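*Asks:* With chain H held as given, fit chains B, S and Y onto it using these hints.
Chains as they are written, first to last, in the numbering used here: chain H, 338 to 648; chain B, 338 to 648; chain S, 338 to 648; chain Y, 338 to 648.
It cannot be assumed that every hint is accurate.
The list makes no distinction among identical chains, and a pair is therefore deemed to hold if it is satisfied within one copy or across any two copies.
Straight-line alpha carbon distances no greater than 30 Å define the calculated DSBU-like cross-link-like pairs of lysine-lysine that follow [as the list claims (entries may be wrong)]:
1. LYS477 to LYS451
2. LYS451 to LYS543
3. LYS477 to LYS496
4. LYS449 to LYS592
5. LYS440 to LYS543
6. LYS449 to LYS506
7. LYS506 to LYS451
8. LYS506 to LYS543
9. LYS592 to LYS440
10. LYS440 to LYS506
11. LYS440 to LYS451
12. LYS506 to LYS477
13. LYS477 to LYS449
14. LYS592 to LYS477
15. LYS496 to LYS451
16. LYS449 to LYS496
17. LYS451 to LYS592
Quick caveat, the hints were computed from the structure, so don't treat them as lab data. Predicted model only: the values in this text are computed from it and were never measured.
Number of protein chains: 4
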Amino acid sequence: MAIILGENRYGKAEVRVFRVTRSGDTHEVLDLNVTVLLSGDFTATHLTGDNTQVLTTDAMKNTVFVFSHEYGAMEPEAFGLLLARHFVSTQSHVSKAEVRIEKFDWDRIISKGKPHPSAFRKSGSMTRTATALVCRDGAKTQDFIVGGLNDLVILKTSKSEFRGFLRDKFTTLAETTDRIMATEVCARWRISASESLRLDHIDWAKNFLNTVDTMLGAFAEHHSHSLQETLFLMGERVLSNHPEIAAIRLSLPNKHHFAVDLSAFERENHNEVFIAADRPYGLIEAVIERDDPKTSSASSGSAVAHTWPAW
Amino acid sequence: MAIILGENRYGKAEVRVFRVTRSGDTHEVLDLNVTVLLSGDFTATHLTGDNTQVLTTDAMKNTVFVFSHEYGAMEPEAFGLLLARHFVSTQSHVSKAEVRIEKFDWDRIISKGKPHPSAFRKSGSMTRTATALVCRDGAKTQDFIVGGLNDLVILKTSKSEFRGFLRDKFTTLAETTDRIMATEVCARWRISASESLRLDHIDWAKNFLNTVDTMLGAFAEHHSHSLQETLFLMGERVLSNHPEIAAIRLSLPNKHHFAVDLSAFERENHNEVFIAADRPYGLIEAVIERDDPKTSSASSGSAVAHTWPAW
Amino acid sequence: MAIILGENRYGKAEVRVFRVTRSGDTHEVLDLNVTVLLSGDFTATHLTGDNTQVLTTDAMKNTVFVFSHEYGAMEPEAFGLLLARHFVSTQSHVSKAEVRIEKFDWDRIISKGKPHPSAFRKSGSMTRTATALVCRDGAKTQDFIVGGLNDLVILKTSKSEFRGFLRDKFTTLAETTDRIMATEVCARWRISASESLRLDHIDWAKNFLNTVDTMLGAFAEHHSHSLQETLFLMGERVLSNHPEIAAIRLSLPNKHHFAVDLSAFERENHNEVFIAADRPYGLIEAVIERDDPKTSSASSGSAVAHTWPAW
Amino acid sequence: MAIILGENRYGKAEVRVFRVTRSGDTHEVLDLNVTVLLSGDFTATHLTGDNTQVLTTDAMKNTVFVFSHEYGAMEPEAFGLLLARHFVSTQSHVSKAEVRIEKFDWDRIISKGKPHPSAFRKSGSMTRTATALVCRDGAKTQDFIVGGLNDLVILKTSKSEFRGFLRDKFTTLAETTDRIMATEVCARWRISASESLRLDHIDWAKNFLNTVDTMLGAFAEHHSHSLQETLFLMGERVLSNHPEIAAIRLSLPNKHHFAVDLSAFERENHNEVFIAADRPYGLIEAVIERDDPKTSSASSGSAVAHTWPAW
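Excised from the complex, chain H in its bound form (with noise of 0.2 Å):
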């Protein structure tokens, strides 16, 4: 039985552009984390070395600096999107490229009571991200975007209960009907393109901030009885609210707030002091998706996978 080459791909990680571009006195900036992963027939080089196929991870970085001087300030998915699309447009044997990105938000500062054309302030509050498939079909070639966010952390200290649930033997916890609930939200959303929603016609700026602000909303407006009803409904909101996204994935960790046991010092806590926990925390996750079966995980799993990128 031979030893052959399974699936593979290779690229050049984490190339940090920085991209300002300047009307007059007020500038913008662009701040981004550049992963480009090329597949195809790269045989060659894994069995002998022959490196003809091969281009060099170097040049995909010299890419991106050169598409980012040409293309200026844009939307991380539609400069993901014409990086994906040069790499399998221009090398026949790319059968596949990804483009992943993260966005990192700058603000500007506010000083003598305005904000500052040219001077900025790192906004730490999530990571925005943007996934770029392109993948030959044939003589043609098909597109992907999936928008995203990591390092969202929400917290609510009301209406979170956690009670009737199973009992095993290892089972020690105590119901609740009050704990505070928190995560970290991590989140992908598949954009499902058509006839009538061309990619390069989406609001991606728009898109991300509502998407953002519906699953906000569904968590903080929510009485939960679990994190799982949580995820299911921020996920289910953020369909109904989003046509053009055809599923969502996200994998929320139970961030746990245990309340500490005052008992000893004959205090009651009521709720008020608690301890934030690192390790061991829940960790849940989920696809919510449409119940369509050209699309559907559990009807043509094989295909769709392929179009989640890794976190």
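*Replies:* Frame of chain H, contents of chains B, S and Y only:
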């Protein structure tokens, strides 16, 4: 078109269990970081907040501690299998249990010229990983084991070339016949259980050490024309030496060491002084597998994909 | 020549206390990371293992939780002072108590157009720090407060030059009249209590916000000839605007953004495309203080040094 | 009252220099992270942006690379001393140069049963540190060396008690005669140069290894009544065995391992199953020194303090 729950799972992540086993004055220590993830029928809690089918993640944590107490010193693959089988066998609505383990090694402190029976120093040179996966399959269950490691940083100062590569209009890299090759190995290998080889009879410690030695030897001895070639050779040797391993997946960042240009100081740098770069970095990933119609990723992608856990 | 115990201290580090204060449906949250360090007569435990003078670090942790329960929502400077005074006043062999606090800010989630009363998102844009130091001085005690912040990342795309610098034989840097200046501010400022200004009467929240705004304004408006000049100006403005601040210490890494050379691609990069570098980085550190014989670092170094806590 | 510039310094941090030295096919590697910090007369750049006295941090980086090229394989203490002397001797306005070095160790890969001449794996078990400090003192200069290490994680499962401690009203900790003691050693030791012992004649590699072995032996063999007692013994032994070491500073976090309460599962846990806790943690810090009126921290605090670099 309804909005539905797709793939989902939940569990307790990063239970830091430390087990001491005593034989008189001689102590053994076992330091694990255990994550449990369950899949199955958890629709109710997501859709209605009905938790009657929800085993608490707190109970999973307790189970890890009780099993550690019960079974004592064990290889992580075997410990993970016990835990994963427990959840599937005791919870009829659980269809899949995945237990991921990181193992941190401790060496005995050498004192007065010999290994001390109860004092240890942590070995930081790599982290062993083991994933046990138990899937319900009708009335039966299937077991899978994936061994692996993270954080093994290796480097060679000879026998590494990179030339003859494709040149597009963004390629500026010079060819080289002598460069530093350095990487941080992240590996996962899938054990192929069979009639003749039961998972419960494998010597996991020996399997792990031999796999590491095989990879290190291939890396050291190989005259490399690309990191891809080295990656394939490392995987190919592991499969050649280990009939019990069906496939191996390697993720090798190219930790660039660039020769510093000293010409401004009237010095020629003959590959003596390098700067170790952080970002960006090349990234090479591939699966090496047996050409077996039953298991190869080309032919039956979906099933195989499910047995590769996340990194 | 005997071997003796020199300076020493001990305590509990990183007590993660999370305090909720409720006014009907409107909740306030206070998220702190508290470290307690005590100095005093702890020779016995070091030399003979006699622990009769050792307050357990576990008790320090309990004290943090009980004080949080007792006092509720408080500014970290005030909370730290209460804790530090407690340890010095109740333990006669403790000569100095240092309480270091990190404060993590949470903003209310905006839902249905208004701030939610009990749902929050973590603000990641900087971490406020506060150190309270209480020293026994004969029959009396002295209180010190040092405010501060970490992780405030700022950047300007205009008004930053760097030229006219010294050139030794290893200098190759080109002069520039237009560069990106970026840094991650780490600041500590020492409050000068006096007869007229009691520590217990300072509005700490306002003091903090004003100090940050002063630094941001100075950074944004200044036409900089060096990061040193900008650092001094930031500190000078803080002292000018804040009579209660005796001195400020700033540590400013120069987060280099290098313009990418695109000449190989027949493009001129007019400071539009930059690579954000990780390492190495410049590092500029200085104290800005009042020219006061009683407190300046030049004249009475030792005492002053003791009132600067570690970063 | 004027606002003035107090203590200040600047430099280049984290120059990652990797040096290969070849003797035929046998290669040696030296992997350093070098930080240079200069103090002196830098008032002009701070106050007016006049940079005529400012050596660029870019030139410092170049100097590190040129010196690495010139001198090849060297112990970090000696390399740091060469660099620090260079800056003070060539820049008359520099009064103090501090060079901090981290050294990352690499072991030869064992291949075909023997150490490979040019393939290496990174040893992650600790990081050696060295700080060289050269101070101008009138027409002469003074040299100081501080050796050290970070990240040495050690643990003992026997001979560790903690009892007889002070009990205040917040003390609930139970006494124990058998606990796990674990810590991550951060150590710095100051070399005392003298007429008879010139810094340039010390065998730094041997000095380092012996110091580590002394600390490990003391930790392993000692029957501990407190982490403070163990800390003092580790330091005392180092000073006893090393006449060239004037003082040692240790920072030992108490990495708590708590025995898990299994009583709810009708099991008694005889110190077999522990949870490794993250936060909070105890923290014990002390200087152990010689009772020498010329150097002890009690008598001449200020000067001594200046020779302790930051951690």
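*Asks:* When the hints from earlier in the document are held up against this structure, which numbers fail?
*Replies:* 1, 3, 6, 7, 8, 13 and 14
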